[in-house]
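Asker: With the hints as your guide, set chain V onto chain C.
Spelled out, the chains give:
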Amino acid sequence: MSSPHDPNGVPTPATVVSEPQSVVSDATEIEPMVAKPDGPRDAANWARQSSNLKVSAAPGNQVNNVDGRSAVGPLQGFGKMWQKTYRLRLVGCLASPEEVIAAWKENFPKFWPRGNRFYVPLTGIAPGEVAMLTVRPGGMPLSTGVLVLYADDESFTLMTPQGHMFAGWITFSAFTQDDATVAQAQVLMRANDPIYEIGLTMGGHRAEDKFWKKTLTAVGSHFNVNDQPVSTEVVCVDPRLRWSYAGNIFQNAAIRTTLLGPTRWFRKA
Amino acid sequence: MADTAITMTVRRVDAQISIIDINGDVTAFAEPELMRAYTEATEPSARAIVLNFTNLQYMNSSGIGLIVTLLIRMNRLKQRLLAYGLSEHYTHIFELTRLNEAIGVYPTENAAVAAAARER
Chain C
1 MSSPHDPNGV PTPATVVSEP QSVVSDATEI EPMVAKPDGP RDAANWARQS SNLKVSAAPG
61 NQVNNVDGRS AVGPLQGFGK MWQKTYRLRL VGCLASPEEV IAAWKENFPK FWPRGNRFYV
121 PLTGIAPGEV AMLTVRPGGM PLSTGVLVLY ADDESFTLMT PQGHMFAGWI TFSAFTQDDA
181 TVAQAQVLMR ANDPIYEIGL TMGGHRAEDK FWKKTLTAVG SHFNVNDQPV STEVVCVDPR
241 LRWSYAGNIF QNAAIRTTLL GPTRWFRKA
Chain V
1 MADTAITMTV RRVDAQISII DINGDVTAFA EPELMRAYTE ATEPSARAIV LNFTNLQYMN
61 SSGIGLIVTL LIRMNRLKQR LLAYGLSEHY THIFELTRLN EAIGVYPTEN AAVAAAARER
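Chains as they are written, first to last, in the numbering used here: chain C, 1 to 269; chain V, 1 to 120.
Accuracy of the hints is not assured; some may be wrong.
Pair ranges (Cβ atoms, derived) [unchecked claim]: (1) V:GLU119 - C:ASP179: 47 to 55 Å; (2) V:GLU95 - C:ILE255: 24 to 32 Å; (3) C:ASN107 - V:ALA117: 47 to 55 Å; (4) C:ASN107 - V:GLU95: 26 to 34 Å; (5) V:PRO32 - C:ILE198: 34 to 42 Å; (6) C:LEU260 - V:GLU101: 25 to 33 Å; (7) V:ALA15 - C:LEU122: 30 to 38 Å; (8) V:GLU40 - C:SER231: 43 to 51 Å.
Keep in mind the hints are simulated off the structure, nothing from the lab. No residue lacks a Cβ here, since even glycine has one placed at the ideal position from N, Cα and C.
Okay, chain V solo, but in the shape it has when bound:
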């Protein structure tokens, strides 16, 4: 399989909230990078992860599937997944796939982090 153009960087807001900046394409090939970033973001004790989609370049249905499985994994560990930076197009994709019913979607980083902080 070809490698995909994706990098993810982790920023820690505090001990319980981390942000993953997504740069590039979210497809099936992004799974190793997403899992690496998730592991880094949740160590040692983060309870909420905010996905930053501002620099998302491309996403297909397999990419949506990756986000679903990440969400389920986090729910089982009582962790919270939030998102911000979705363009109008990707906001529609979240609505179409009904991901927005399970992932809190916010317009800005501040709003997402505030929501994560409120719920801990």
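Chain C extracted, bound-state conformation:
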């Protein structure tokens, strides 16, 4: 997921170090579900239903391309639908899947490749939280965010808002296979609009693969696993373009960041 990035669709590795920072998200509308004693076991793991994402304060000078937007899944995007799975076997590491995911949640921004920023919500990666992020596809800053759609002890899923490069979600998980803990990132997404689709075709997919391979390599290094390859499995789930969603271009966060970015100083003054 499946499956939550990259330039021309995906963040490009650049020179600025990813820094863990906090952002205030308004949890009044998006809260984790509270499990009732007789309720479903997963009730506390999902974000609550909300039509619009709320972020009351964008960090730094970031353009707020998240507040008021809807979260979108892979069914609401424009481009071809892809499922990409990146895996790293933590051979020789004694950490359990739960310990890997706990470390991943805690160090999420540190594991991102340089040049990209993920602003962790004050309460951490928890269901219903909204995190802002800045990536640099093709070297240009793009401010957007993600909703923590789901989180439990062995996985968590980030869902994208309107305007993000992707419509979909990415699931980070860990499990045991053949006596080794495996860390996995699985993306299930479409490009959100025609511009992003062109970007993905012109190198964006390659950059996204690089992004998540670097991320998983960083996860491995955290557990002193430095000699294992990251495997990649790519499936085109749906090769069709969804022209009925071409209008998503009006929410394009890259365009908005480029146009509004230079004016943010005046608006703040």
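Answerer: Quick look at chain V alone, frame taken from chain C:
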């Protein structure tokens, strides 16, 4: 990977409509069982499948991803996917993930089967 607690049984309404009863947990580990049930449900010529979630015990985001990929596969084959038996909680999950925009969700089996029959 550990096995998940999931069983799926297929009931045939008629030549073109089948129901898959889901019992247990829908996670990534449910994929082989879901694909087996889907293959059984669509043979030889079913055009609509109704998922019965009445006995769904647990679903995570990977489980939602499975349903999405099943939906896309069926759309490409001009087949229709419908659902019923979702609890209030899972109805909310379908709305949150916006699956309800692509899968017809009905309160009862009769309503779902009637909808499937109308559209063939």
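Asker: Between V:GLU119 and C:ASP179, does the beta-carbon spacing fit 47 to 55 Å?
Answerer: holds (49 Å)
Asker: Look at the Cβ atoms of C:LEU260 and V:GLU101 and judge whether their distance stays inside 25 to 33 Å.
Answerer: holds (29 Å)
Asker: Are C:ASN107 and V:GLU95 spaced within 26 to 34 Å by their CB atoms?
Answerer: Holds - the Cβ-Cβ distance for C:ASN107 and V:GLU95, about 32 Å, lies within 26 to 34 Å.
Asker: Falls inside 30 to 38 Å, the C-beta gap from V:ALA15 to C:LEU122?
Answerer: violated (57 Å)
Asker: V:GLU95 and C:ILE255, beta-carbon distance inside 24 to 32 Å?
Answerer: At 29 Å between Cβs, range holds.
Asker: Has the hinted range 47 to 55 Å been met by the Cβ atoms of C:ASN107 and V:ALA117?
Answerer: Since C:ASN107 and V:ALA117 have Cβ atoms about 53 Å apart, the given range 47 to 55 Å holds.
Asker: With respect to the beta-carbon atoms only, verify the hint that V:PRO32 and C:ILE198 lie 34 to 42 Å apart.
Answerer: holds (37 Å)
Asker: Tell me if the beta carbons of V:GLU40 and C:SER231 are separated by a distance inside 43 to 51 Å.
Answerer: violated (31 Å)
The structure shown violates the earlier hints numbered 7, 8.
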